[in-house]
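Let's have the full structure, built from the sequences with the hints guiding it.
Numbering of the sequence shown is given in the UniProt record's numbering, commencing with residue 1 and proceeding in unit increments.
Keep in mind the hints are simulated off the structure, nothing from the lab.
Mixed in with the good hints there might be a few duds.
[As the list claims (entries may be wrong)] Quick list of in silico lysine to aspartate or glutamate cross-link-like pairs, EDC-like style, CA-CA up to 20 Å:
no. : residue 1 : residue 2
1   : Lys32     : Asp15
2   : Lys32     : Asp19
3   : Lys32     : Asp72
4   : Lys32     : Glu42
5   : Lys32     : Glu74
6   : Lys32     : Glu8
[To be verified] Pairwise CB distance ranges (calculated):
no. : residue 1 : residue 2 : range
7   : Gln52     : Arg173    : 49 to 57 Å
8   : Ala145    : Pro65     : 20 to 28 Å
9   : Pro232    : Pro62     : 34 to 42 Å
10  : Glu74     : Val115    : 53 to 61 Å
11  : Pro209    : Val115    : 32 to 40 Å
12  : Thr143    : Ala71     : 17 to 25 Å
13  : Thr157    : Ala78     : 42 to 50 Å
Note that beta-carbon positions come from the ideal geometry of N, C-alpha and C, so glycine has one too.
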Amino acid sequence: MSGFAVPEAVHAAPDSNGDLVLLNGATGRWHKLNRTGRAFFEAVRAGATIDQAVATLTARHPTVPATRIRADVERLVATLVARGLLTLSVDDADTGPRNPAAVAMTAPAATPAPVASRRLAAIVAFVLALVLLRLPFRVTTPTVARLRRWLAHRPATPGEAGAALSATYWVSRSYPGRVACLEVSLTAVLTAALCGHAVDWCFGTAVDPQTFHAWIEVDGVPVTDATEDPIPPTYRRVLAV
1 MSGFAVPEAV
11 HAAPDSNGDL
21 VLLNGATGRW
31 HKLNRTGRAF
41 FEAVRAGATI
51 DQAVATLTAR
61 HPTVPATRIR
71 ADVERLVATL
81 VARGLLTLSV
91 DDADTGPRNP
101 AAVAMTAPAA
111 TPAPVASRRL
121 AAIVAFVLAL
131 VLLRLPFRVT
141 TPTVARLRRW
151 LAHRPATPGE
161 AGAALSATYW
171 VSRSYPGRVA
181 CLEVSLTAVL
191 TAALCGHAVD
201 WCFGTAVDPQ
211 TFHAWIEVDG
221 VPVTDATEDP
231 IPPTYRRVLA
241 V
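Take a look at the structure:
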């Protein structure tokens, strides 16, 4: 077995337990590998063949029969390929339905009304975010990046990003459907862009319990509402768009 590679759309980061968290940028799905799976995945990502990766694992676990390790690796490879985390070529990316896990976020009831221009921007951004989040994740993220490049003239200040987030909470209170971190963070990114300011759309994970989250950042610093959990140390960023 050889010839496998990690698609560019797959983003990986270790968590505080030493496991490996994977975000498939083509589907928006999160995955997790234990330490042994992490060792195999990182070996393949570094250019090792499957046989070489099996040899490495066999050396690390001399008390486990080599036949069992190979069988486990073959099952893991089949699972990773099925989920778009390994591929035989760059054209084999997973195109399954998008189903990202997220932590629900509730808009605070006391959010003040934003100024008229930002209020209008937030309304347009919220509708656009709902449309974009219905698309495959591999389409949504590059579309958001292009929109931000076209609309934003300069990086947002923390105050401008905070104002976009406040406007997002204000408009989301009137929506009867589900509003979670994906909807909130993307609306804030688009609201800022419509006002000419660029912020980053970020995705990350936390352990104990395992949860996934999306938020906005300015110059690598998270911008959050007072009702939200702090990003660091609670969440570790895996991807920034």
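*CA of Lys32 to CA of Asp72, is that 20 Å or under?*
16 Å, holds
_The hint says 49 to 57 Å between Gln52 and Arg173; measuring C-beta to C-beta, is that right?_
The hinted range 49 to 57 Å holds for Gln52 and Arg173, with Cβ atoms some 55 Å apart.
*Please work out if Lys32 and Glu74 have their alpha carbons no farther apart than 20 Å.*
OK: Lys32 and Glu74 at ~17 Å, within 20 Å.
*Regarding the pair Lys32 and Asp19, is the alpha-carbon distance no greater than 20 Å?*
Measuring from Cα to Cα gives roughly 7 Å; hence the hint holds.
*asked:* Please check whether Glu74 and Val115 have a Cβ separation lying inside 53 to 61 Å.
replied: Since Glu74 and Val115 have Cβ atoms about 59 Å apart, the given range 53 to 61 Å holds.
*Between Lys32 and Asp15, does the CA-CA distance stay at or below 20 Å?*
Cα-Cα ~10 Å, so holds.
*Is the gap between the beta carbons of Pro232 and Pro62 within 34 to 42 Å?*
39 Å, holds
*Could you tell me whether the CB distance from Ala145 to Pro65 stays inside 20 to 28 Å?*
The hinted range 20 to 28 Å is violated for Ala145 and Pro65, with Cβ atoms some 48 Å apart.
*Is the Cα-Cα distance between Lys32 and Glu42 20 Å or less?*
Holds: Lys32 and Glu42 sit about 13 Å apart, inside 20 Å.
*Is 42 to 50 Å a correct range for the gap between the Cβ atoms of Thr157 and Ala78?*
49 Å, holds
_Range hint 32 to 40 Å (beta carbons of Pro209 and Val115) holds or violated_ = 39 Å, holds
*Given the proposed pairing of Lys32 with Glu8, does the C-alpha separation stay at or below 20 Å?*
The given pair, whose Cα atoms are some 17 Å apart, holds under the 20 Å limit.
In terms of the numbered hints stated before, the structure departs from hints 8, 12, listed from lowest to highest.
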